[in-house]
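Peer 1: Below, each chain spelled out in residue letters.
Number of protein chains: 2
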Amino acid sequence: MNQNLLSSNTHPIITLAVDMMGGDTGLTVTVPACEAFLNSHPHARLILVGDEKQIRAHVQAKNLINHPRIRMVHACEVVAMDDAVEVALRRKKDSSMRVAINQVKDGDAQAAISAGNTGALMAIARFVLKTIDDIDRPAIASIMPNLDNTGTTVLDLGANVDCTAEHLQQFALMGSALVSATQNISTPRVGLLNIGHEDIKGNEVVKQAAVLLKDTPINFIGNVEGDSIFMGGTDVIVCDGFVGNVLLKTAEGLTKMIRTRLMDELTQTWWRRAGAAAAMPALNAFRDKIDNRRYNGAALLGLRGVVFKSHGGADAYAFGFALQRAYDAVANDMLNKTTQMLLQMNNKV
Amino acid sequence: MNQNLLSSNTHPIITLAVDMMGGDTGLTVTVPACEAFLNSHPHARLILVGDEKQIRAHVQAKNLINHPRIRMVHACEVVAMDDAVEVALRRKKDSSMRVAINQVKDGDAQAAISAGNTGALMAIARFVLKTIDDIDRPAIASIMPNLDNTGTTVLDLGANVDCTAEHLQQFALMGSALVSATQNISTPRVGLLNIGHEDIKGNEVVKQAAVLLKDTPINFIGNVEGDSIFMGGTDVIVCDGFVGNVLLKTAEGLTKMIRTRLMDELTQTWWRRAGAAAAMPALNAFRDKIDNRRYNGAALLGLRGVVFKSHGGADAYAFGFALQRAYDAVANDMLNKTTQMLLQMNNKV
Chain D
1 MNQNLLSSNT
11 HPIITLAVDM
21 MGGDTGLTVT
31 VPACEAFLNS
41 HPHARLILVG
51 DEKQIRAHVQ
61 AKNLINHPRI
71 RMVHACEVVA
81 MDDAVEVALR
91 RKKDSSMRVA
101 INQVKDGDAQ
111 AAISAGNTGA
121 LMAIARFVLK
131 TIDDIDRPAI
141 ASIMPNLDNT
151 GTTVLDLGAN
161 VDCTAEHLQQ
171 FALMGSALVS
181 ATQNISTPRV
191 GLLNIGHEDI
201 KGNEVVKQAA
211 VLLKDTPINF
221 IGNVEGDSIF
231 MGGTDVIVCD
241 GFVGNVLLKT
251 AEGLTKMIRT
261 RLMDELTQTW
271 WRRAGAAAAM
281 PALNAFRDKI
291 DNRRYNGAAL
301 LGLRGVVFKS
311 HGGADAYAFG
321 FALQRAYDAV
331 ANDMLNKTTQ
341 MLLQMNNKV
Chain G
1 MNQNLLSSNT
11 HPIITLAVDM
21 MGGDTGLTVT
31 VPACEAFLNS
41 HPHARLILVG
51 DEKQIRAHVQ
61 AKNLINHPRI
71 RMVHACEVVA
81 MDDAVEVALR
91 RKKDSSMRVA
101 INQVKDGDAQ
111 AAISAGNTGA
121 LMAIARFVLK
131 TIDDIDRPAI
141 ASIMPNLDNT
151 GTTVLDLGAN
161 VDCTAEHLQQ
171 FALMGSALVS
181 ATQNISTPRV
191 GLLNIGHEDI
201 KGNEVVKQAA
211 VLLKDTPINF
221 IGNVEGDSIF
231 MGGTDVIVCD
241 GFVGNVLLKT
251 AEGLTKMIRT
261 RLMDELTQTW
271 WRRAGAAAAM
281 PALNAFRDKI
291 DNRRYNGAAL
301 LGLRGVVFKS
311 HGGADAYAFG
321 FALQRAYDAV
331 ANDMLNKTTQ
341 MLLQMNNKV
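These protein sequences, in sequence, are chains D and G.
1 is the number of the first residue of the first sequence in the UniProt record's numbering; add one for each residue after it.
1 is the number of the first residue of the second sequence in the UniProt record's numbering; add one for each residue after it.
Possibly wrong hints are sitting among the right ones.
Any copy, or any two copies together, can satisfy a pair, since identical chains are not distinguished.
Claimed, not checked - For lysine to any residue, the following SDA-like pairs were computed, each having C-alpha atoms within a straight-line distance of at most 25 Å: (1) 93 - 272; (2) 105 - 91; (3) 130 - 274; (4) 289 - 32.
Just so you know, the hints here were simulated from the structure itself, not pulled from any lab data.
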């Protein structure tokens, strides 16, 4: 390991480049999240990328201006949430998103994190960092909670809205390699998201993908349905980015509705409020466990560098989890392990 | 109204044809559900379709054998959950599913209900009953709960796994007409399920559908994301059957996981169990509100007859809701109202 990656007490120093301007709210979220992250991670360094004047104003307010583990890199443009991919890629070459990814390319940071426009992030990351061998399209992968408490890695969550069967096969390979590398599971169970378990079910792309996956050197367990994500029994679930994004947001909406319903019932009368007070420790633990924000931070897989996507609407607490996931990915050497495993599997395809 | 549809005290008699053999468990679910339904609906008649000997054995056990509002119709075949559509349609002409739908075609029942294989049910219903004018493909629609407490009607939930933009347009028309007719909303808000609100988002089919929907005589409010289903603000959400089915099952799995997590937290220690006892009235009310089974029963739209689909894994309580929805659809004259509204809208397209 390169000596300058080691701090004095042999903990590796991990440097993350943060797109400070991305997401629905930008600096009001990213600055407090970065501050909290530095406090809880003594071996982390952050490169804050964005409009330096604006960042300084926010950082100053937070007394972080002279923090020894912060560096600022100016970028004069911001990719808007509704910018077309072409605009973000061709016309905003000095966007905070792009400059953050450049830090990874140049070796100044080991990972980049952005809450900005997903399509633009994927396109820029692919353009700047390039894909690894035999991967046509990067994919977005995230862990979702399940009853096994191991989590289910689901991909693609929105990078690729029109997929072929071959793309789904590549996602399966990438997902399997990711879980192998980061969760220490030698042969992760990979399921293909479909509308029934039977071979006859599904659209043409999914049916073709099932045929390909049976001949792929992974532990393919066949078709799974949407409920399998949360019920457990599958380590990796593969779907196209349209379906993945819809299911992710459906899950978010449903969780919010259920939380609201629970609060409504618990607070409807003074008698119920008294009862709820007695159950508060359990209810608080429950609320924390189903908090979507704890699952924020999705990996962009298939690139020659580590990039994590935060939810655009993340608050500082949620953005902190995206920073944490990127940090863990670097600490676990996710990129090298996944790339090696993909190469091995691709040699067998 | 036809006189023989009226009982002596002017309540209309509604006759439902029930596929007794469909679903994962068949008679052990359908018989008790039918018994409970007859008890709570004095103006309902049921035609029990399936293997008469088996039905008699179950019904006898339930003391229903001589019920004045039950009639049995024998069908010697059963469509299996994994039968290909062609097998169900061409080779099982005496299946309980088909004979139940024949009752609607022949005017002996006003609606048919089955928990069997969705693809087969759709194909048989379409073959036997035919589609209404200008509708290429029937769709499956169901109400999902939302924070507005009005419910969001989502379609298609699994009948059509490969859709064109024109199909999505027809689903929008059908969903709008359904909600207009059954919920007394004059111009239901129709959203197109997508992975972002912006016009540039989505796959090619969805982008084309958005263009078509802007020129359709409905209240099209644009793209909506998965969370809108539960957050409210939209009366009808349109998607292809693959996406719809995945989101439906994702929601089911997540709800189950959340219920399990809540129970786990509430019962972890004796102290927490004591606290939970105090909050029990609120927790029971909450559990009922998020019970998936209460939303069982989806309408097959676009046909010249009323057919409802129950979840294949429904228990008797859930199957009862499917019977209830079919009963309500007939009582509200859903078919005629929806067909009339569709004709009016199609004349304007």
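Peer 1: How would you classify residue 93 and residue 272 at a CA-CA limit of 25 Å: within, between, both, or neither?
Peer 2: Neither: 57 Å inside a copy, 56 Å across copies.
Peer 1: Which holds for residue 105 with residue 91 at a C-alpha limit of 25 Å: within a copy, between copies, both or neither?
Peer 2: Within one copy only: 20 Å inside, 61 Å across.
Peer 1: If the cut is 25 Å between Cα atoms, do residue 289 and residue 32 qualify within a copy, between copies, both or neither?
Peer 2: Within one copy, since 23 Å is at most 25 Å while 37 Å is not.
Peer 1: Can you tell me if residue 130 and residue 274 fall within 25 Å by alpha carbon in one copy, between copies, both or neither?
Peer 2: neither (58 Å within a copy, 57 Å between copies)
The structure does not agree with the numbered hints 1 and 3 stated previously, though it agrees with the rest.
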